[in-house]
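Working from the sequences, and respecting the hints, build out all of it.
Numbering (mature numbering (1 follows the signal peptide of the UniProt record, and there is no 0)), first residue to last: -24 to -1, 1 to 191.
Just so you know, not all the hints are guaranteed correct.
[Unchecked claim] Restraint ranges, calculated between C-beta atoms of paired labels, are given here:
1. T168 to P57: 42 to 52 Å
2. D107 to Y161: 13 to 23 Å
3. E167 to P57: 41 to 51 Å
4. G79 to T124: 20 to 30 Å
5. G26 to L101: 30 to 40 Å
6. G98 to N158: 41 to 51 Å
7. G55 to N164: 44 to 54 Å
Quick caveat, the hints were computed from the structure, so don't treat them as lab data. Yeah, the Cβ is synthetic: ideal placement off N, Cα and C, and Gly gets one too.
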Amino acid sequence: MKKIRVSLVIVLILSILFSNTSFAASSKSSSNSSGGITVLKEYSYTDMFGGLHILAICRNDTGVDCEASWDVITYDSSGNPLETYTPFGEYVNPNQEFVLTSGFYDSDEATAYDYEITVDTGRSLSTPMHDAVQITHQKAKNGKIIVTGTNTSSYDLMSCSAMVLFFLNGKLVDYDEVYLTNNNYQMNAGETIMKDTTNSKDYDDYAVYWTAYRW
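Right, here's the structure in full:
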């Protein structure tokens, strides 16, 4: 098990009521790659309710299947901790790009945050199946993103989800996770499932990342 720790400083921008606000973040770290996980890009923004969201676009460069997770903590201007966040890990294939997310709703005074990524390349109860799922997507006239996934493997998948990131003028303004599962909460071998996003905010670009795994 390997860990990487990155420290980032957030430059807070005045939030406008009922709108999303982006943050400008600069890294104190001289490297964005360690432990086999490469952090390609970091994003942060506040939603219309004042919640702070921090995301990282990552790539699995370990050369093997692994589980990647992170712990995130926010700080005020005096360096005092405000909140912590530890979501479930992501099971990823080699070279797979994926998204780590976090959300904070009591960090109005946050001026900085740290995160620590944990990489587990040992035996896991779950097997990543990203490479077995074919994903297509398109923007509907109503602004929703229609995501279609096909399980090309001979295994039933216990999870398949697509993370859709929404951008406006190059800044992240929202994201939505679309679960590509049937009524039995899985994706059967050979099955094709279509779902849409719930996002209805203004955006001019989007990106889609997905994860899948089986027991």
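Outcome of the hint check:
For the pair T168 and P57, the supplied restraint of 42 to 52 Å holds, since their beta-carbon distance comes to about 45 Å. For the pair D107 and Y161, the supplied restraint of 13 to 23 Å holds, since their beta-carbon distance comes to about 22 Å. A hinted range of 41 to 51 Å for the beta carbons of E167 and P57 is consistent with their spacing of about 44 Å. Distance hint check: the CB atoms of G79 and T124 are about 27 Å apart, consistent with the given range 20 to 30 Å.
The beta-carbon spacing between G26 and L101, approximately 37 Å, falls within the hinted interval of 30 to 40 Å. About 31 Å separates the C-beta atoms of G98 and N158, a value inconsistent with the hinted range of 41 to 51 Å. For the pair G55 and N164, the beta carbons lie near 51 Å from each other, so the given range of 44 to 54 Å is met.
Hint violations for this structure: number 6 only, all remaining hints satisfied.
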